[in-house]
Amino acid sequence: MKINKKELLFRMARIRKVEETIAEKYSEQEMRCPTHLSIGQELVGAAAGMILQPNDYAVSTHRGHAHYLGKGGDMNAMVAEIYGKVDGCARGRGGSMHLVDQKVGFMGTTAIVGNSIPVGVGLGLSIKMANETRVSAIFLGDGCIEEGVFYESANFSAVQNLPVVFICENNLYSVYSPLAVRQPKGRVINEMVHSLGLKTFVEEGENVEDTYNCMLDAVTFARGRNGPVFIEISAYRWREHCGPNYDNDLAYRTEEEFLDWKARDPLDTYRKSLLETGQISESELCELDEKVCAEVDAAFEFAVNSDFPDNAEAYIDEYAP
Amino acid sequence: MKINKKELLFRMARIRKVEETIAEKYSEQEMRCPTHLSIGQELVGAAAGMILQPNDYAVSTHRGHAHYLGKGGDMNAMVAEIYGKVDGCARGRGGSMHLVDQKVGFMGTTAIVGNSIPVGVGLGLSIKMANETRVSAIFLGDGCIEEGVFYESANFSAVQNLPVVFICENNLYSVYSPLAVRQPKGRVINEMVHSLGLKTFVEEGENVEDTYNCMLDAVTFARGRNGPVFIEISAYRWREHCGPNYDNDLAYRTEEEFLDWKARDPLDTYRKSLLETGQISESELCELDEKVCAEVDAAFEFAVNSDFPDNAEAYIDEYAP
Amino acid sequence: MSMPPSKEKAMTFAEAINDAMIEAMTVDDKVFCYGLGVDDPKRIFGTTDDLKERFGSGRVFDVPTAENALMGIGIGAALGGYRPVFVNQRFDFILLAMDQIVNGAAKWRYMFGGQNKVPMVLRAIVGRGWGQGPTHSQCLHSWFAHIPGLKVVMPTSPRDAKGLLLASIFDDNPVIFIEHRWLHNTSGLVPSGDYRVPLGEAEFLREGRDLTIVATSYMNVEALHAMDHLDSQGITADLIDLRCVRPIDWDKISLSVKKTGRLLVLDIGASAVSVASEIVSKVSTDNWSDLTAAPIKICMPDKAQPTSPALTRGFYPDASTIVRKISSLVGKELEWQSLSDKQSWPHDVPGTWFNGPF
Amino acid sequence: MSMPPSKEKAMTFAEAINDAMIEAMTVDDKVFCYGLGVDDPKRIFGTTDDLKERFGSGRVFDVPTAENALMGIGIGAALGGYRPVFVNQRFDFILLAMDQIVNGAAKWRYMFGGQNKVPMVLRAIVGRGWGQGPTHSQCLHSWFAHIPGLKVVMPTSPRDAKGLLLASIFDDNPVIFIEHRWLHNTSGLVPSGDYRVPLGEAEFLREGRDLTIVATSYMNVEALHAMDHLDSQGITADLIDLRCVRPIDWDKISLSVKKTGRLLVLDIGASAVSVASEIVSKVSTDNWSDLTAAPIKICMPDKAQPTSPALTRGFYPDASTIVRKISSLVGKELEWQSLSDKQSWPHDVPGTWFNGPF
Ligand SMILES: Cc1ncc(C[n+]2csc(CCOP(=O)(O)OP(=O)(O)O)c2C)c(N)n1
Ligand SMILES: Cc1ncc(C[n+]2csc(CCOP(=O)(O)OP(=O)(O)O)c2C)c(N)n1
Ligand SMILES: [Mg+2]
Ligand SMILES: [Mg+2]
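Residue numbers (my numbering), protein chains in the order written: chain A, 1 to 321; chain B, 1 to 321; chain C, 1 to 358; chain D, 1 to 358.
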């Protein structure tokens, strides 16, 4: 299958733009919830969204904006959610860490590390039981790997041969903590996971099309009922763990490291390479940017203009009727 | 280091004899607590007890009799504990699943699968912090491996390079469940654990001296501050999971499988081989058996004659003063 | 919901659970059952008998020992349209699954704006006696009753075991279904077919004048013994089997307290910060002027549970404890010794049929 | 235990925690501190400042995200002679560690016959406001207060933050130490040196006639506002800062209720089956004849907590809620509106200094 390259670029650019706009406006104090941006990490969500089918399931973590948008989640509803508005995808009850769009199979992001992993496996079980050909994708970070529930979930998915796609973005950090204090020296995550009984795939996230193809292979494998797969993609978070700012001044990582990754920015690199190889024209890029800007502007306008939920909504939906 | 073969045989025989006596007397309804026997699985506890130093720590599981006795735990106190007596190692408060003898570093067995594993790792951490040369041994079964806490504990011990010795007896079953419904096809436990970052060792439990040497190598490695180790030894539980009876009639496993393992009984095999190769004489064996019988008889006599704890003891020790 | 009176059959509590499972899996092929040992020779004390044979290993399956993931897997399957029943042989094991139960199942619907639902049942069995000891005997229903988003069901009779389990399975919320091991072998008449008992409705097991007894699970059995015993001494009580501890049927409790003016609450868990405390608290606040005496509760001691039979003797409150408390509540000397003397089998087993280990 | 009055210094609650950590690690080299981020640039809201620099990375270390094992590792290290302090940025995270806390730490001493001890502290921080939402704001102290073998500490003042943390670290039992995020920046005088406040002793923050208020953690702050406000309206109260919810200082509560005859309990968790319920329940039973009005409680709603500021407005009870309840408790109309009007910053942050995210 050929990659729709412009579409991939568009999807990455779109995520970048939303995230940067959130960062820009966050200091206005109107988005009053913990917010974890995906800037620098747009590729995986963007590519996954093209590879997965709308009726495939997905779940994600605290850092879920890119995955939600990639999977086809409603941008207006996401921004409104962060603004705490009633048109938010969770009617303002969840905030940035609780994105959901069931129409497109995006079943939820949750705020406890590892918490959504078994849920994704359970969705995979439901697929198997119903004898369907969808897959269930689980987005997770390198830190999620450390929770026992990841291990239990991976094991179960292997025992039951479930159509589950674990997609791990290894961005080297969990909050301010480097891998060295969290995982054994020399650990290669995908190799470790391979030994748990999953078919594994790995790619450097700076290689945009290779990453796409790698993810495509993995999803195809799982969809073919060959069992669960685990994909590890390297990535780098540009801004602080939670919030809108750069924080390299805090010295938990070096400015050089950041600049090195930034220089290999998948979005920028890909944009340039498509342009240089004549696969996209300047004017197409202009158009793309305009489209992205228009969509994002509209989303913020939608969110800002959306009403707050009625206060009484805090007290409903404890139970399904 | 040369193996003290007679001692090893003695230790195995001693465990077998206690366990068989428990089985014999269990139907008298005087041992009123869930009891998981080690018959068929004496080797690991016996060998570990010779290899570990008295000031090394150990923790174990619901099936802990052999580990407790091997480590030097007081047999009288164990039997009394199972009888619910005040001279029991936990004063009757814990029963068969809660054995402890801190004098010999045996820090406790607990009844929740996986529960004692991080405790053993924490003991290892205390050793490292105190800069001592002891090790902390963690006995566990193939089922314990499935709990997330095992994985988290193994990971932490590797990250911190702790002197921890995981000793896994793979007896193929967790209660009535074979490995096939619990772990992926083709899983080799020690290989999986190796990928978690531990140095691993494996041996067939029917090879008594090889198993001893394998465990010795592993403990030596950990004691040398080279990091945590994981030992997998194959074994077979002869009787029912919990209780005194044989239960092959329940058909969760075949009589043939049982007979096959029984034919390779490490205790019997080793006894015969020492005798055949002239490393022990018939009369020494007689002596050994007598010694074992005398000790076990004495332990049961001790336990039966021990008092029950005063009823008021149920209500003390909620808190340390 | 609850069907017109149909054929009834005598069966044990365990058989009633089994009957409910079979019924649920028959009427809805989205119901499935998983957990350690659900298809093993013992079949969870018989409660999952015949399920694998009838419904196949796709819908009835054994699992790795991994309670937290297994709970989350149930949530996912529920979101995927199924009605999972996750079975746990001991309540104590699900301490490992609290993140998924509380941060996950209980919150899912609310925190995603009410657009979805997590219809699943977690069956948890509470041990007692025969050396179950400190970590095989806890009943933390009081924890769950504190958590918005959960329903918590504690049946006493075989009839309710069936009716409440069916209602739980077909409820669209996560339900914690708590079975007391000492009830599994009790028997009674149970309606056949798709018999459901609505969640959140308590039941009067006795009606009387002198006091209101609110009890959960096995303590209803002891309360019935106590009231039978007191019959001849002229004391009668409303005995309310709570059946659900979240939500609680406050109306029935309040109605009864208005009549009797006296409240005694019986609980199978530790005393401090318990469902029993909640009931005493709420009644003291809301029925203040109805009460004619200080409300009291009888719970398990605020201690871990010991193993030795010498230590469990007297640890679990029973009918004679209840009679003694009623005596002080109604301010009248009542005979109780003969009750204690009556029991012909050891205190740490549910009956003569039992010879360990659980 | 508590030292002769020494030098006092003004500091924030967070600084007081930090001070206690430094003191504990200085006086006893068996004390160590671990948890996600204890040595990171933010230092757990400043509470672990300077620890790594002073005591080295052997005694102050970051960890993998693995709460259950980390709790058990603390138990093991405690059995090995250490006094671990395990830090958690949100209470909600330790739902993953319940097996080790309840089946392990709480039981260890009892179930092994009283021959050992598990001196460890689990610090858990409770979030609130600024969109912390359903799984970053729960306070389940009521769960722990139900568990034999645990101590549960909830300081309000900087002084107590230090004194109770030192006492917790040097207590020979597992202690759950709960910090409210909205207290971290409050300030007050704190004694220097090894200042300890005994666990299990409540403190009178105010003495008065008309009612007894029993409060935990941040609700003491709101109660103080309320009582300041009511001063001019002629209402005075005993305000008892509970400080520990296990064990509970029943003597002080009872003493006060005997005097006032009226009880109001304030809690920072959900209402049903809470510590507040326990207090109302116990007082209703034990101080029945002292009470002159129905005891009442003010808790968080029995709902998951929403994220949007539009939804959290009014969700958390505050001083004006307290005044209104007191009004009905003492049967007298009291002015409260001016209290609500006074707040100059948004309701979802602790003060003007705060501009998210937590
Ligand atoms: C159980 C739990 N422990 C700790 C946290 C705090 N926390 C929030 S995000 C995060 C980092 C997770 O790292 P990773 O999975 O690598 O994701 P990333 O932030 O790098 O995308 C942590 C530790 C949490 N939310 N839940
Ligand atoms: C958390 C938890 N889940 C389930 C159980 C029930 N259980 C008791 S022993 C056991 C089997 C464990 O198997 P394994 O570790 O292989 O030990 P073995 O009995 O074979 O020695 C199980 C599942 C338990 N005690 N704790
Ligand atoms: Mg990361
Ligand atoms: Mg096994």
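Errors might be hidden in some of the hints.
[Said to hold, decoys possible] DMTMM-like cross-link-like pairs, simulated, lysine to aspartate or glutamate; straight-line CA separation at most 25 angstroms: (1) Lys42/D <-> Glu256/A; (2) Lys42/D <-> Glu24/A; (3) Lys52/D <-> Glu132/A; (4) Lys128/B <-> Asp290/D; (5) Lys258/C <-> Asp290/D; (6) Lys52/C <-> Glu240/B; (7) Lys303/D <-> Asp29/C; (8) Lys252/C <-> Glu8/D; (9) Lys185/B <-> Asp217/A; (10) Lys303/C <-> Asp172/D; (11) Lys342/C <-> Glu256/B; (12) Lys52/D <-> Glu240/B; (13) Lys42/C <-> Glu256/B; (14) Lys185/B <-> Glu132/A.
It is worth saying that the hints were derived from the structure and are not from the lab.
Checked hints:
1. Taken as a hint, the Lys42/D and Glu256/A pair is honoured in the structure, with Cα atoms around 21 angstroms apart against an allowance of 25 angstroms.
2. Distance check on the hinted pair: Lys42/D and Glu24/A sit about 23 angstroms apart at the alpha-carbon level, within 25 angstroms; holds.
3. For a cut-off of 25 angstroms, the pair hint linking Lys52/D to Glu132/A is broken: about 53 angstroms separates their Cα positions.
4. Simply put, Lys128/B and Asp290/D have alpha-carbon atoms about 57 angstroms apart, too far for the 25 angstroms limit, and the pair is violated.
5. Using a Cα cut-off of 25 angstroms, the hinted pair Lys258/C and Asp290/D holds, with the two alpha carbons roughly 22 angstroms apart.
6. Restraint check for Lys52/C and Glu240/B: the C-alpha separation of about 22 angstroms stays at or below 25 angstroms, so the hint holds.
7. Annotation: proposed proximity of Lys303/D to Asp29/C is violated, straight-line Cα distance about 32 angstroms (limit 25 angstroms).
8. About 56 angstroms separates the Cα atoms of Lys252/C and Glu8/D, which puts this hinted pair outside 25 angstroms; it is violated.
9. Between Lys185/B and Asp217/A the CA atoms are separated by roughly 23 angstroms; this keeps the pair inside 25 angstroms, and the hint holds.
10. Distance restraint check for Lys303/C and Asp172/D: the Cα-Cα separation of roughly 17 angstroms lies within the 25 angstroms cut-off, and the hinted pair is therefore satisfied.
11. At most 25 angstroms may separate the alpha-carbon atoms for a hinted pair to count; Lys342/C and Glu256/B exceed this at roughly 49 angstroms.
12. Distance restraint check for Lys52/D and Glu240/B: the Cα-Cα separation of roughly 52 angstroms exceeds the 25 angstroms cut-off, and the hinted pair is therefore not satisfied.
13. A C-alpha spacing of about 21 angstroms is found between Lys42/C and Glu256/B, which places the hinted pair at or below 25 angstroms, so the restraint holds.
14. Proposed proximity of Lys185/B and Glu132/A is supported: the alpha carbons are some 23 angstroms apart, at most 25 angstroms.
Comparing the model with each earlier hint shows violations of hints 3, 4, 7, 8, 11, 12; every other hint is respected.
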